[in-house]
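Student: Spelled out from the first residue to the last, the chains are:
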Amino acid sequence: MTDRTATVGDAPDDSGEARYCYCAVSLHEGVEPGPLGLAGVEDEPVRLLAEGDVGLFVHDCAGLYDSADPTEVQGWLLSHQAVVDAATERFGTPVPFRFDTVVQGDDDTVRSWLTEHRERFADVLTDLAGCSEYRIEVLVDEETLDAAIVESDERLRELAAQRDESTEGTAFLVDKQYDKRLNELRRERRAARTETLGTRVAEHAREVQEPDDPTTTLGDTPEKEGAVQARLTALADEEGVDAIGSVLDDVADEAGVRVRFTGPWPPYSFVPEVDDGTA
Amino acid sequence: MEPRRDEDDAIVDLLDCILRDGVILQADVIISVAEVPLVGLQLRAALAGMDTMTRYGLLTDWDEETRTRAIADERAPPTRLE
Numbered sequence: 000m001t002d003r004t005a006t007v008g009d010a011p012d013d014s015g016e017a018r019y020c021y022c023a024v025s026l027h028e029g030v031e032p033g034p035l036g037l038a039g040v041e042d043e044p045v046r047l048l049a050e051g052d053v054g055l056f057v058h059d060c061a062g063l064y065d066s067a068d069p070t071e072v073q074g075w076l077l078s079h080q081a082v083v084d085a086a087t088e089r090f091g092t093p094v095p096f097r098f099d100t101v102v103q104g105d106d107d108t109v110r111s112w113l114t115e116h117r118e119r120f121a122d123v124l125t126d127l128a129g130c131s132e133y134r135i136e137v138l139v140d141e142e143t144l145d146a147a148i149v150e151s152d153e154r155l156r157e158l159a160a161q162r163d164e165s166t167e168g169t170a171f172l173v174d175k176q177y178d179k180r181l182n183e184l185r186r187e188r189r190a191a192r193t194e195t196l197g198t199r200v201a202e203h204a205r206e207v208q209e210p211d212d213p214t215t216t217l218g219d220t221p222e223k224e225g226a227v228q229a230r231l232t233a234l235a236d237e238e239g240v241d242a243i244g245s246v247l248d249d250v251a252d253e254a255g256v257r258v259r260f261t262g263p264w265p266p267y268s269f270v271p272e273v274d275d276g277t278a
Numbered sequence: 000m001e002p003r004r005d006e007d008d009a010i011v012d013l014l015d016c017i018l019r020d021g022v023i024l025q026a027d028v029i030i031s032v033a034e035v036p037l038v039g040l041q042l043r044a045a046l047a048g049m050d051t052m053t054r055y056g057l058l059t060d061w062d063e064e065t066r067t068r069a070i071a072d073e074r075a076p077p078t079r080l081e
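Top line first, the protein sequences correspond to chains A and B.
Using numbering that gives the first Met the number 0, you'd call the opening residue of the first sequence number 0 and step up by one each time.
Using numbering that gives the first Met the number 0, you'd call the opening residue of the second sequence number 0 and step up by one each time.
Certain hints may be false.
To give an idea of the interface, some chain A residues facing chain B are shown, with a C-beta separation under 7 Å as derived from the structure [said to hold, decoys possible]:
#: 1; residue: 59
#: 2; residue: 60
#: 3; residue: 94
#: 4; residue: 96
#: 5; residue: 97
#: 6; residue: 98
#: 7; residue: 108
#: 8; residue: 227
#: 9; residue: 244
#: 10; residue: 262
Cβ pair distances, simulated, as ranges [claimed, not checked]:
#: 11; chain 1: B; residue 1: 11; chain 2: A; residue 2: 51; range: 14 to 20 Å
#: 12; chain 1: A; residue 1: 149; chain 2: B; residue 2: 4; range: 34 to 40 Å
#: 13; chain 1: B; residue 1: 1; chain 2: A; residue 2: 160; range: 43 to 49 Å
Source of the hints: derived by calculation from the structure; they are not laboratory data.
C-beta atoms are modelled at their ideal positions from N, C-alpha and C, and glycine is treated no differently.
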């Protein structure tokens, strides 16, 4: 049976009960706080736990979801996202939780924790209201990019000429130098593009971040057409996103450049840490 | 240009984000903050490269018991844990 004595600050209970958390939402007036009519991870029924004007979507579970099978994990992530999407549609911008955020304990544990953090969540939800996350990736055809780099760099042209005049052995070494220089310039070019784009997008966004390169492989990640020249994620409202779209139109006008502009997504990259000071 | 959600498997980009970002609750009712990574151990080992794990201190943060359990749980670990 459930351990009703568990509270925040106590050691996690050992009842084996746990709650998987999807997102927090604002329960403003006129919104139906009923079920989303949608199953969550592993087809578990998703419920809303409400504390005042803040709600938390959860399902009952026994512990962490864990698998070494990327396809299974991908399925879980899609289910997680589907719940957050449905919550967004009904309640507006949520505070999305990271996959596999699991509270050890029963509904009372979650409620008491939520009560303690209700004000903080309400502030964050108010702050994020009307905004979504957008992801931007600028891809450049490598041949076009390299041609432009070679044309603009004297040192590369010198090395190319030197290579053509060299014997086979020397040419090999010169080739190495050429490649090193080209790689340096590619890196510089990428950094410059990211900075320029970041500045332009930031004029219309609430916040801009340069995300790390993807660190996970989920099996069937599609091949990218071209080299990534810039990758940004922006938090913007509807007005801002129109202006960002215009900036990206300019960027995509350049020969050999393709822009991927995706969203709106829940603001995964822009939620602050919620800390109860006990960890 | 308008943002889209259906272009070139756009969702695939987001999946990495869902694994890494979003609210992390630094609370002791969460499984778990101080000793074990917030997502399952097999999942981390399977998905994250060693560079990533080391960069985020995931290996150094694990205590001995956690490592032993992680290794015992995985008969054929896709990534070496030590």
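Student: Run every hint past the structure and note whether it holds.
Tutor: Now the hints, each set against the structure:
1. 59: violated, 14 Å
2. 60: violated, 10 Å
3. 94: Cβ of residue 94/A sits 6 Å from chain B, so the hint holds.
4. 96: This interface hint holds because 5 Å falls under the 7 Å limit.
5. 97: holds, 4 Å
6. 98: holds, 5 Å
7. 108: Holds - the Cβ of residue 108/A comes within 7 Å of chain B, reaching about 6 Å at its closest.
8. 227: violated, 11 Å
9. 244: Since the shortest Cβ distance to chain B is 4 Å, the answer is holds.
10. 262: Holds: closest Cβ of chain B sits about 4 Å from residue 262/A, inside 7 Å.
11. 11/B to 51/A: 14 to 20 Å: 37 Å Cβ-Cβ, so the 14 to 20 Å window is violated.
12. 149/A to 4/B: 34 to 40 Å: holds, 38 Å
13. 1/B to 160/A: 43 to 49 Å: Given a distance of about 47 Å, which is inside 43 to 49 Å, the answer is holds.
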